[in-house]
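**Q** Each chain, letter by letter, is given below.
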Amino acid sequence: MKKALILAAALTLVPTFVAAESFENAYLQARAMYGQGAVFEWNGKQYAAVHEEEVEADIAATAENAQMMVDKAKAKNKEVAELGFEWKLTRGIIKDAESALTAGEYRKALDLAAQAKYHARMGIKQYHYAQSSWQLSVPQ
Amino acid sequence: MRKLKTLLCATGLLAMLSAGSAQAAGQEEMIEMGKAVYLNKSRGNCVSCHQINDPDATQAGNQGPPIVAMKQRFPDKAVLRAQVWDATVNNPITIMPPLGKHWILSEAEIDAVVEYVYQF
Amino acid sequence: MKIIKTMAFGVGLVLSAQISQAADSGFTLETVNPEADRVALQNYFKKRFPDAELNDYVNGIYAVDSNSREQWEEIEEFPPYEFAVEEGEALFNTTFANGKGYADCFENGGIGIRQNFPYWSKEEGTVKTLEMEINECREANGEKVLKWSKGDIAKVSAYMAWTSRDQVIDIKLPEDDAGAMAAYLDGKKFFYAKRGQLNLSCANCHVQGANIRIRADLPSPQLGHTSHFPVFRSKWGELGTLHRRYSGCHKDSRSHPLKPQTETFRNLEYFQSYMNNGLAINGPGARK
Chain A
1 MKKALILAAA
11 LTLVPTFVAA
21 ESFENAYLQA
31 RAMYGQGAVF
41 EWNGKQYAAV
51 HEEEVEADIA
61 ATAENAQMMV
71 DKAKAKNKEV
81 AELGFEWKLT
91 RGIIKDAESA
101 LTAGEYRKAL
111 DLAAQAKYHA
121 RMGIKQYHYA
131 QSSWQLSVPQ
Chain B
1 MRKLKTLLCA
11 TGLLAMLSAG
21 SAQAAGQEEM
31 IEMGKAVYLN
41 KSRGNCVSCH
51 QINDPDATQA
61 GNQGPPIVAM
71 KQRFPDKAVL
81 RAQVWDATVN
91 NPITIMPPLG
101 KHWILSEAEI
111 DAVVEYVYQF
Chain C
1 MKIIKTMAFG
11 VGLVLSAQIS
21 QAADSGFTLE
31 TVNPEADRVA
41 LQNYFKKRFP
51 DAELNDYVNG
61 IYAVDSNSRE
71 QWEEIEEFPP
81 YEFAVEEGEA
91 LFNTTFANGK
101 GYADCFENGG
111 IGIRQNFPYW
121 SKEEGTVKTL
131 EMEINECREA
141 NGEKVLKWSK
151 GDIAKVSAYM
161 AWTSRDQVID
171 IKLPEDDAGA
181 MAAYLDGKKF
191 FYAKRGQLNL
201 SCANCHVQGA
211 NIRIRADLPS
221 PQLGHTSHFP
231 VFRSKWGELG
241 TLHRRYSGCH
251 KDSRSHPLKP
261 QTETFRNLEY
271 FQSYMNNGLA
281 INGPGARK
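Protein chains in written order, with the working numbering: chain A, 1 to 140; chain B, 1 to 120; chain C, 1 to 288.
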């Protein structure tokens, strides 16, 4: 097995819609076709298709870390709510994460909070994408 | 082309999220899970838009194309997986939700539903 | 190792092309043209459903689906909203504690005016809906405001719609007021933008997806959408306002739903109602 550079793909993300071939597209395509952890190459380097939040949550399962992840999810969800693009289930997932934290199930809390934060981040992306794409379905 | 899942299996996170567990399970179990995803309203709910030749898929909708000749239409199963994961790549205004990109289904559920529909 | 690039490549190009083309066709405050939108929408549905009569679109899915129409017509023979309209009339005619009533708050004593709502208020710089003015009327006369979604407000609104049946929808967009145009554009944008975890726009179901089955349900065409509200839905077993329906639809996209009468929903109502100019009020209605 080759040594693949496991970098948090999303950590280096920049808004790259203009680029015909972007790191983000390569990342999404690998993830879409082969799932989590799929290895792909971009500009001569290898990366694994792991969401930013999955990397963030890949830390020691402690109460402190779980609380930190929950806080991050809440902050991100607040951000998307202000844009008017909050998703329906996110608050519930954050609540579940908090319950898991209270119950001492820190791994579960970390994973749920990671999902909630991912949802919030995707909602923000959806908002920005909508600004330049809503026109596509208007009858002309 | 390959998946280097093993690389990441070290992380505890994967226990819950990865397709690994589903793959470990038998093909049959996976198909069964895929069928549940296909039919269940709060999971994939694929049946709301895609007809499929399964007697349990009653009152299927027709917003999307029927699930037929999948092996001919998608010789590369990974392309089918990508379509389930995010159909907006091929059609930005599609009604089909991006089941993977928006983490509506887990990666394991996507693998499972792909296995299920690939039989038809 | 082979890399997968081709798909992503295509998308970037396609998108940028469509967007640059879009820039000139009524998507900004400078170019937006409500009349052109209205005509384009009518033409779209004429093409999709050549047999449907334009005036029939106020009947929703029953304008384009003959199978379910018969069943609906039977329902309309003994309309489930009849009692609510009577109650609405009684409520409408009940004087407030100060001796005044709803009739004092509206033009023409509140009779036969539904077709003029919502409208742009230059003074207040916002879109005013009928339900909003019903509550403002109460407040101004020292009465408690009603809840927005159902109950008495829907009944009063239903009675006012009932007295306006067959009146032609006439939504005005004052051209000398940029605020009105901005509100319209905001509503239009909301209708066509994808949102929620399911990534659905209103248009996904009610333009492209109209009259195509989602499970056993057929989504209605957006043309005619607001004419029959408030509506008695079998699913609710009671009357509900347009904004109750908006909240439900919004939630169906797996969005955290907005509350009734928020500015966004009022703007959406403004846009949708403008699309119906020329059609007739037929509220309250009965739907599945």
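If you are wondering where the hints come from, they were derived from the structure by calculation, not from laboratory data. From the three backbone atoms N, C-alpha and C, an ideal C-beta is built for every residue, glycine too. Errors might be hidden in some of the hints.
As the list claims (entries may be wrong) - Here are the computed lysine to aspartate or glutamate pairs in the DMTMM-like style, where the Cα-Cα straight-line distance is at most 20 Å:
1. K150(C) to D56(C)
2. K259(C) to D170(C)
3. K235(C) to D56(C)
4. K122(C) to E136(C)
5. K77(B) to D56(B)
6. K150(C) to D104(C)
7. K88(A) to E77(C)
8. K41(B) to E136(C)
9. K72(A) to D96(A)
10. K101(B) to E105(A)
11. K251(C) to D58(A)
12. K74(A) to E41(A)
13. K150(C) to D65(C)
14. K101(B) to E52(A)
15. K100(C) to E82(C)
16. K144(C) to D186(C)
17. K77(B) to E32(B)
18. K125(A) to E105(A)
19. K101(B) to E98(A)
20. K259(C) to E105(A)
21. K101(B) to E73(C)
22. K235(C) to E73(C)
23. K41(B) to D186(C)
24. K259(C) to E82(A)
25. K74(A) to E105(A)
26. K74(A) to D58(A)
27. K172(C) to E107(C)
28. K172(C) to D152(C)
29. K46(C) to E30(C)
30. K88(A) to E98(A)
Unchecked claim - Just a few of them, taken from the derived set where beta-carbon distance is under 10 Å, the chain B residues facing chain A:
31. E32
32. A36
33. A69
34. K71
**Q** Run the distance test for K150(C) versus D65(C): straight-line Cα separation, threshold 20 Å.
**A** Status violated; Cα separation ~28 Å.
**Q** CA of K150(C) to CA of D104(C), is that 20 Å or under?
**A** Given that 20 Å is the threshold and the Cα spacing comes to 23 Å, the pair is violated.
**Q** Please check whether A69(B) passes as an interface residue: C-beta within 10 Å of a C-beta belonging to chain A.
**A** Because about 20 Å separates A69(B) from the closest Cβ in chain A, which is outside the 10 Å limit, the hint is violated.
**Q** Does K88(A) pair with E77(C) here, judged by a C-alpha cut-off of 20 Å?
**A** Answer violated: K88(A) to E77(C) is near 39 Å, above 20 Å.
**Q** For the pair we were handed, K259(C) and E82(A), check the Cα-Cα distance against 20 Å.
**A** Roughly 14 Å separates the two Cα atoms, so the pair holds.
**Q** Check whether the Cα positions of K172(C) and D152(C) lie no farther apart than 20 Å.
**A** violated, 28 Å
**Q** For K74(A) and D58(A), compute the direct alpha-carbon distance and say whether it is at most 20 Å.
**A** The hint holds at about 18 Å.
**Q** Report holds or violated for the interface hint on K71(B), using the least CB-CB distance to chain A and a cut-off of 10 Å.
**A** violated, 17 Å
**Q** Given the hinted pair K41(B) and D186(C), is their alpha-carbon gap at most 20 Å?
**A** With a Cα-Cα distance of about 32 Å, the restraint between K41(B) and D186(C) is violated, given a limit of 20 Å.
**Q** Within a Cα-Cα threshold of 20 Å, do K88(A) and E98(A) meet the stated pairing?
**A** Since the Cα atoms of K88(A) and E98(A) sit roughly 17 Å apart, the hinted pair holds (cutoff 20 Å).
**Q** Does K77(B) pair with E32(B) here, judged by a C-alpha cut-off of 20 Å?
**A** Distance ~18 Å between K77(B) and E32(B) Cα, so the pair holds.
**Q** K150(C) and D56(C): Cα distance at most 20 Å?
**A** This hinted pair is violated, its Cα atoms lying about 27 Å apart.
Checked against the numbered hints given earlier, the structure breaks hints 1, 2, 3, 5, 6, 7, 8, 10, 11, 12, 13, 15, 16, 18, 19, 20, 21, 23, 28, 29, 31, 32, 33, 34 and satisfies all the rest.
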